[in-house]
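Now for the letters of each chain:
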Amino acid sequence: MVDIQEEAADLHETLPDDIDDTVDDIADKIQDFVEHGVGIEDAKNSIRSNHGVSTGNSMDADPVDKGCGELDTDNEPVNMTAKVIQQWDPRSDSVHQVGLLGDETGTAKFIEFVGDDNNPIFEEDSVIEIEKGQTDEYEGNFSVTIQDSTTVTVLDGEDVEVSNDGGGESLTLETAALVDVRADTSGLIKRCPEEDCTRVLTNGRCGEHGEVDGEFDLRIKAIADDGNASHTVYFNEELTEELTGIDLEEAQEIASEELDQTAVIGEMIPMIQGRYYTLEVTKYDRSNIVNEFEEASPDTEAEADALLEQMEA
Amino acid sequence: MSANENSDYSGPQPSRRMFATEFNDVTYSFKESEEERAPNFSLMPTGEKANRAFFVGTLVEQPETVGDDGDVLRAKIIDPSGNPESDGGAATFWVYASGQYQPAAFAALNKMEAPEYVAIRGKPNTFENEDGDVYVSVRGESVTPVDKATRDQWVLDTAQQTLNRIEAFENLVGSDDADAHYINMAADQYGENVEKYRDAVRYALKDVRGDNNPMSGSSDEEEVEAEA
Chain A
45 MVDIQEEAAD
55 LHETLPDDID
65 DTVDDIADKI
75 QDFVEHGVGI
85 EDAKNSIRSN
95 HGVSTGNSMD
105 ADPVDKGCGE
115 LDTDNEPVNM
125 TAKVIQQWDP
135 RSDSVHQVGL
145 LGDETGTAKF
155 IEFVGDDNNP
165 IFEEDSVIEI
175 EKGQTDEYEG
185 NFSVTIQDST
195 TVTVLDGEDV
205 EVSNDGGGES
215 LTLETAALVD
225 VRADTSGLIK
235 RCPEEDCTRV
245 LTNGRCGEHG
255 EVDGEFDLRI
265 KAIADDGNAS
275 HTVYFNEELT
285 EELTGIDLEE
295 AQEIASEELD
305 QTAVIGEMIP
315 MIQGRYYTLE
325 VTKYDRSNIV
335 NEFEEASPDT
345 EAEADALLEQ
355 MEA
Chain B
1133 MSANENSDYS
1143 GPQPSRRMFA
1153 TEFNDVTYSF
1163 KESEEERAPN
1173 FSLMPTGEKA
1183 NRAFFVGTLV
1193 EQPETVGDDG
1203 DVLRAKIIDP
1213 SGNPESDGGA
1223 ATFWVYASGQ
1233 YQPAAFAALN
1243 KMEAPEYVAI
1253 RGKPNTFENE
1263 DGDVYVSVRG
1273 ESVTPVDKAT
1283 RDQWVLDTAQ
1293 QTLNRIEAFE
1303 NLVGSDDADA
1313 HYINMAADQY
1323 GENVEKYRDA
1333 VRYALKDVRG
1343 DNNPMSGSSD
1353 EEEVEAEA
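Protein sequences, first through last, are from chains A and B.
FYI, this note's numbering numbers position 244 of the first sequence as 288, with every residue one higher than the one before it.
FYI, this note's numbering numbers position 191 of the second sequence as 1323, with every residue one higher than the one before it.
I should point out that these hints are in silico values taken from the structure, not numbers from a laboratory.
Fair warning: there could be bad hints in the mix.
Label-pair distances were calculated between CB atoms; the ranges are [as the list claims (entries may be wrong)]:
(1) D1331/B to D137/A: 23 to 29 Å
(2) A1246/B to E259/A: 53 to 59 Å
(3) E252/A to E1167/B: 26 to 32 Å
(4) N247/A to N1215/B: 38 to 44 Å
(5) N247/A to D1219/B: 48 to 54 Å
(6) E1166/B to E294/A: 46 to 52 Å
(7) G310/A to D1309/B: 46 to 52 Å
Even for Gly, the Cβ is constructed at its ideal location relative to N, Cα and C.
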């Protein structure tokens, strides 16, 4: 059994003299971490880190100044000044806030998990300065995580120009139905392997490079339509997996079993076509890239009742 | 909503939300440009133009093969916007899919087994018989079996949008307002009685609320709560 008081005392010795925390305070904090399933050593490292003491982690490297469109290294501490282009609705209870940042270099997703020391929800169009945010890479996309050790300052009265090349206008499509999925170019697809070309192949051919040995990928191209406007939207590999529960590996298995690449979209369409979603998208020209989505699931009986009441009023 | 909502003509046209009660009255169609390939629009009595519609209803019978070559499927799909007393609560969409021209829709309809909830996106199509009667049908494009939750969501969505159109119609009919263009066109073609579509909204919403269903889950919950 670990003696938390003893660990706390040892740790307290190594912390700067001018901190407010007593040994008991440190013990409480260690206890808190341990109760949350964090190991003793990690707990101590976290506490050291919060007091600005080096723990030998990569997070203690000096943060690098990066623009939204310049994020290129996983797990890197960064400083950024950017505009909060959009706030999205968190889909999970563990997310405190999530959305899109933008500056002259492009756009990047930001996320802050629920914790003891959360920042206030940043207003859309406000400019924030992030010190020591942590980059995260998933499937080639970089985002920045705001952690306990990250300092965020809202810069009142400042403005940041958001580039249209790196990013685009963001919008939310509320209760849009995926009225049509473009089967011929969705599901398990192949992309051109030539440098800087990501074209989707048709029958093994790239529109630019001719016959090539394509690389498998997963995506959905669909029409999201709310009755007043119709948008062509694209879900990337990660989002297609979230949408359908089928990942790239499984998709390739399906294709092999059926000896038919199109069998994959055949399985996916009944799962999503004709259904309602709320989509957060970024507009590039005529394409809308989906960043986040949520299946719509209203309490239809209650809403019908409310609407009927409204009608009688 | 504004007549200029979707001004990107090269993009897909929005799929309008309307109940079968309204859809079957969409007998007037027009083109906005002389160009051969310009889209065809149907005029909705509630004052909006429609190139496509999206609806979720119940397939009540096995689709029938029709047409000279037997290459066209016809499906009867109902929604709850009809008067429970006169129509049994059902209003009907007649959906057609040609094996040659709408193969995906044809294949999907062929696989379905009534009764089943189905989501359809398609184009309004009018047919005039020798007596000059005009019938409206759907040329099905995307056909997908779905669940009751999706159907109920569609009813809510369509109810809200229909009410919005009716409100705009009543406010703007006869005016010079920029948003009154299709409203005035509809008043000319069909008259100004939109109360019928308000009734349709009520019937459909009541169905989702569970009024028509003696086995509705909510009434069980109410009983349990009352006992608690």
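Between G310/A and D1309/B, does the beta-carbon spacing fit 46 to 52 Å? holds (48 Å)
Could one say that the CB atoms of A1246/B and E259/A fall in the range 53 to 59 Å? violated (44 Å)
Indicate whether the distance between the beta carbons of E252/A and E1167/B respects the range 26 to 32 Å. holds (31 Å)
Regarding E1166/B and E294/A, is the given constraint of 46 to 52 Å on their beta-carbon distance met? About 51 Å separates the Cβ atoms of E1166/B and E294/A, which means 46 to 52 Å holds.
Starting from the range 23 to 29 Å, see whether the pair D1331/B and D137/A falls in it by beta-carbon distance. Because 42 Å falls outside the window, the suggested range is violated.
Hint check for N1215/B and N247/A - Cβ pair distance inside 38 to 44 Å: Check failed, 53 Å falls outside 38 to 44 Å.
Supplied distance hint 48 to 54 Å, evaluated on CB atoms of N247/A and D1219/B: holds (50 Å)
Hints 1, 2, 4, counting from the list given before, are not met by this structure.
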